[in-house]
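In the order they appear, the protein sequences are chains G and F. At position 32 of the first sequence the residue is numbered 32 (my numbering), and the sequence of numbers has no breaks. Plus 1000 on top of the position in the second sequence (first one is 1) and you've got my numbering.
These are computed hints drawn from the structure, not numbers from a lab. Take these hints with a grain of salt, some might be off.
Looking from chain G toward chain F, a few residues come up when the C-beta cut is under 7 Å (computed) [as the list claims (entries may be wrong)]: (1) Gly159; (2) Ala207; (3) His210; (4) Leu218; (5) Ser239; (6) Met242; (7) Leu243; (8) Arg246; (9) Leu247; (10) His254; (11) Ile340.
Subject to a maximum C-alpha distance of 27 Å in a straight line, what follows is the list of computed DSSO-like cross-link-like pairs (lysine-lysine) [what the hints assert, rightly or not]: (12) F:Lys1282 / G:Lys282; (13) F:Lys1230 / G:Lys196; (14) F:Lys1282 / F:Lys1316; (15) G:Lys326 / F:Lys1282; (16) F:Lys1196 / G:Lys230; (17) F:Lys1036 / F:Lys1026; (18) G:Lys36 / G:Lys196; (19) F:Lys1036 / F:Lys1196; (20) F:Lys1316 / G:Lys282; (21) G:Lys98 / G:Lys36; (22) F:Lys1326 / G:Lys282; (23) G:Lys282 / G:Lys72; (24) G:Lys326 / G:Lys316; (25) G:Lys98 / G:Lys26; (26) G:Lys230 / G:Lys316; (27) G:Lys230 / G:Lys72; (28) F:Lys1282 / G:Lys316; (29) G:Lys282 / G:Lys316.
Output of the computed footprint for chain G on chain F, the stretches with three or more beta carbons under 8 Å from beta carbons of chain G [stated by the list, open to error]: (30) 1173–1186; (31) 1193–1200; (32) 1205–1212; (33) 1234–1246; (34) 1249–1260; (35) 1285–1291.
Here a beta-carbon is modelled for each residue, glycine too, at the ideal position from N, C-alpha and C.
Number of protein chains: 2
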Amino acid sequence: MRAFAPFTREILKIDTHAHFFPTIGKEEAESFMFAKPPWLNINGDDSAMMMDGDTEYRLVQSPLWDPVDRLKEMDDNEIDVQIISPTPLLFSYTSDPKNVARWSARINDFGAASCEANPQRLYSLCQVPLQDIDQARVEVSRSMAAGHVGVHLGTHVNGRNFDDPEMIRFLHYCATEGIPVLIHPWDMMAPERMPKYMLQWLVGMPAETHLSILSLILSGAFERLPTDLKVCFAHGGGSFAMLLGRLDNAWHRHELVRQDCPRPPSEYVERFSVDSAVFDDKTLRFLLDVMGDTRVMMGSDYPFPLGEIHPGEMIKNSELIDDATKQTVLCDNAANFFGITND
Amino acid sequence: MRAFAPFTREILKIDTHAHFFPTIGKEEAESFMFAKPPWLNINGDDSAMMMDGDTEYRLVQSPLWDPVDRLKEMDDNEIDVQIISPTPLLFSYTSDPKNVARWSARINDFGAASCEANPQRLYSLCQVPLQDIDQARVEVSRSMAAGHVGVHLGTHVNGRNFDDPEMIRFLHYCATEGIPVLIHPWDMMAPERMPKYMLQWLVGMPAETHLSILSLILSGAFERLPTDLKVCFAHGGGSFAMLLGRLDNAWHRHELVRQDCPRPPSEYVERFSVDSAVFDDKTLRFLLDVMGDTRVMMGSDYPFPLGEIHPGEMIKNSELIDDATKQTVLCDNAANFFGITND
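Extracted from the complex, chain G is given alone in its bound form (with noise of 0.2 Å):
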């Protein structure tokens, strides 16, 4: 494992699911052949349109890609560190592995080189072209000796869940590594049914989310993992807490849901991390009752709309959570799961 710098003041609070989009305009973005590549539209006010090919996806501000604004905006959040991971927009992994390869290397560099405005308070994970493991194991490689702390990775790869032998394999290899993995909803399923509302976001991806701690579990993938596989859910699991009992119900009750998972589900909570993203108190006690108190690290979704308006406020505010768990899900939690030390 890579060792750190040491952190020059306490750490308070570390933010590990923060997102980034590297300046690549419609020119170059166009150079790797995808049929609706993802760039950047600058303008001249510190914002920019995500687009999506020739679509608007999203406008966003500069500390996206700028990370000296990003950096101001951790001052005034009272944030002492972020983890920075690519958007999901910029996976890629529908078109040709070769070209997601480099296209995955450009975005890791502009990763990386955006920590270097302070390194001991931004940190990045990589993305690699998952539909060619081969390929994502180079990549992955490649960005760790790099200097990033982990691997960010969308729920699916084309429609194959997290059962699929050849994603099991890029975890194992991770397991193996000692590379963090950060796991993503993104490519919602049945888009068709959720035009409107954002519901996509609402329902579709804490269902993506629920989906792929699910293939894991019920496939036995974890039996065959590496216990020391460091694997961490967004948006607190999506919906996975609220449905463990419906899960666990149904192992004991039908042989189709337990055929090639040999304990109750409930078993693997502890194979498995999830950020707090979950913009409720209540929600959170009840996330951290059923996860338990050091398999929750604190996550904003910054910078995007749906994400927590004051980073990690409401863990901060909370009238549920005691300090020590506070001071666990805000910090210490996410420092050795990354490997991130002050000493």
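Here the structure of chain G is known, so what remains is to put chain F in place on it, guided by the hints.
Chain F only, in chain G's frame:
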């Protein structure tokens, strides 16, 4: 509202989520001209195969169609009253509405006749051809006059969610006629993503229910519907409670979320109920905290394999719920919702 016969004994447990399937064989099912008619292939040993056209769907036992055997199991489980509803496979929303109107009448008459085995302990919900609201109104009124105590609807009709004006028109009719509505997931989204491990039931169903609740809230339908509409969602409302924080945060932060919904989504929680079928004590406690004690009603999903093994036991044995709340959830809320009295 229909007057109910007085109970001959004290009500202790009302199970609001219990299914029946009529004894319709292949030949009769085919006479309704559906592409894949559901029917029951009864064996000689008190078991049967639920059929979906020519496909074996699920092995079931005689209490599903025989009310005498049902009442025996209710005795064993100490369930005083069941609200029985058609198995969702029977909805048939994709077929010609005229045929489905006849089909629904056949099913509903079977449900009403089943209740005659003990009218103090068995009450039925009807189904309707929800793809044609005029015919749905006729059938629901005919069924209510014949003794049903409410209507059982799927979470969507051929991909149209509960923000669809026609579906809202039907709910409006139910409100003005005083007809309680139970909404149950069916025909789950993205089946191609969930081919194994009953993932359609474990991920798809709670996502369907979540989507139907959010469609009602975010479309502003609750603003237009009468406040005395009685509507309940199955399986504890699916993923809804866990994701209400995410929903409220999104409503505050994004115009796309609040465009048709004038108040924060959590303010609409008082407009609907959920059943208690979450199969875990912590989860039920959380559900009560989110929904409020008067909006959770005992439901077991009897007699299906993903239901509660001993209906009502989880609530009865809960260490996180006080006795007054147990009485409310096991009995009083359902009695109020369905207009069942023991005076």
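Hint numbers contradicted by this structure: 11, 23, 27, 30
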